[in-house]
Amino acid sequence: MAGKKKSRPVVTGLVLLALVGTSGYLTLELRKQDEQGVTEVRNVGVLEGGRSTGGSTATGKETWSRLENPERSVLRGSDGQIKAVFTDGARTATLTGPARTFQEPTSTASKVSTTDWVRLMPEPWKKGAEGQKWFKDWYAEYKDSKEDDVFAFAFQYVAGAPEKKDAQGTVYAGDANFGPLNTSGAEGGDLRLEQSDFYDYLGVQYPFRDGVVGQPEGARARSIDCSGFIRMVLGYRARFPLMSSDNSGDGLPRTANGMARSKVGVDILPLAGVTAKDRPSAIDQLQPGDLAFFKLDTRTGERLDHVGMVLGHDTEGHLIFVSSREEVNGPTIGDVGGVSRLDGNGYYAKTLRSAKRL
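By UniProt numbering, the letter at position 152 of the sequence shown is numbered 152, and the numbering carries on one by one without gaps.
To be clear, the hints were calculated from the coordinates, so they are not data collected in a lab. Treat the hints with care, as some may be off.
[Claimed, not checked] Label pairs and their in silico Cβ distance ranges:
#1 303 with 336: 19 to 27 angstroms
#2 248 with 282: 15 to 23 angstroms
#3 248 with 219: 32 to 40 angstroms
[Said to hold, decoys possible] List of simulated lysine to aspartate or glutamate pairs, EDC-like, C-alpha gap at most 20 angstroms:
#4 277 with 335
#5 83 with 147
#6 126 with 88
#7 61 with 144
#8 350 with 297
#9 133 with 62
#10 111 with 335
In this text the structure is predicted, and so the values were computed from the model without any measurement. Each residue gets a CB set at the ideal place from its N, CA and C atoms; glycine is no exception.
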């Protein structure tokens with residue numbers, strides 16, 4: 001996914017329809033080949049898990065405490081309710097704010113009603129950071145803010161999302177595709193081409209910090225594949241540093257495999273391997289905003305080939321994630337090609353292999 005594929009010749013409408021049908025058949029066949037009998041996994045509380053590793057400290061009417069697995073600081077209000085969670089080594093923080101409901105009625109009956117707001121801090125968290133000026137300034141700005149957060153950014157690319165333009169007239173948000181139709185006709189070919197990064201969606205050159213300049217392809221305009229979607233949301237929109245590839249620069253790598261195997265962020269579900277027996281079972285530590293990594297396709301060998309973002313529990317108690325997929329042609333929490341659940345025994349739940357917190 002790191003390098004662009006060569007453009008393909010245009011084919012006739014009848015051939016294209018045949019290709020689409022074949023790709024849909026192949027997608028279903030891949031799902032039928034999943035190993036059966038995998039133990040069902042259920043989630044038990046996202047923010048509360050973990051054993052306390054130290055006493056509590058009070059700041060005014062607020063109370064700070066420490067939890068482990070992973071090591072993190074929890075801020076509670078005078079009523080004992082969680083106000084924020086900060087994980088050691090991570091820049092993403094989960095704050096409690098006004099309730100919101102995320103839904104996609106054209107693709108799923110799932111609705112996620114949540115008070116979690118995920119934001120990016122200017123520095124990685126470490127024990128005791130609550131006393132530092134950078135954090136006090138940041139928290140004072142965002143603790144009661146209704147400014148768009150990571151989840152708001154993510155849902156600005158689902159089907160039907162309205163366009164948003166910057167001062168230069170560049171469309172930076174709005175209904176996104178996964179990628180152009182694959183017209184190669186190759187056996188086993190996917191319905192849509194991967195390798196559409198955030199700058200393809202934008203249609204503008206993007207200068208990375210290592211000196212590489214991302215060159216958008218016209219055919220990929222308004223398109224972002226699974227890792228391109230995460231880079232758009234956390235990188236271009238939330239301003240997390242971005243690598244130009246999996247191997248150059250510092251920050252978030254280009255591909256799902258690069259992200260999962262990089263040292264950036266904190267491993268919440270460490271990668272043990274890519275086979276069915278390597279599916280993690282302790283998903284109770286997953287938190288809204290975490291990145292989840294999947295092994296969907298045997299054709300990609302040892303590479304992980306899909307990434308999504310944990311959104312939270314739906315109204316039926318299932319842990320839902322959002323990602324960009326070819327079956328839906330863009331970002332979704334929908335059920336087309338497999339329900340967007342991390343618990344249970346669905347397609348994506350069984351192919352989950354690791355997760356990290358940026």
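Quick rundown of the hints versus the structure:
1. At about 24 angstroms, the beta-carbon gap between residue 303 and residue 336 stays in the expected band of 19 to 27 angstroms.
2. Residue 248 and residue 282 have their C-beta atoms about 34 angstroms apart, which leaves the hinted 15 to 23 angstroms range violated.
3. A hinted range of 32 to 40 angstroms for the beta carbons of residue 248 and residue 219 is inconsistent with their spacing of about 24 angstroms.
4. At roughly 24 angstroms between alpha-carbon atoms, residue 277 and residue 335 are farther apart than 20 angstroms, so this suggested pair is violated.
5. For the suggested pair residue 83 and residue 147, the alpha carbons sit about 17 angstroms apart, so the restraint of at most 20 angstroms is met.
6. Between the alpha carbons of residue 126 and residue 88 the distance comes to roughly 5 angstroms, so the proposed pair stays at or under 20 angstroms and holds.
7. Between residue 61 and residue 144, the direct Cα distance comes to roughly 16 angstroms. Compliance with the 20 angstroms bound is thereby established for this hinted pair.
8. Pair hint residue 350 plus residue 297 holds up; C-alpha atoms about 12 angstroms apart against a cutoff of 20 angstroms.
9. A hinted pair counts as satisfied when its Cα atoms are at most 20 angstroms apart, and residue 133 with residue 62 qualifies at roughly 17 angstroms.
10. The suggested pairing of residue 111 with residue 335 holds, with an alpha-carbon distance near 12 angstroms, which does not exceed 20 angstroms.
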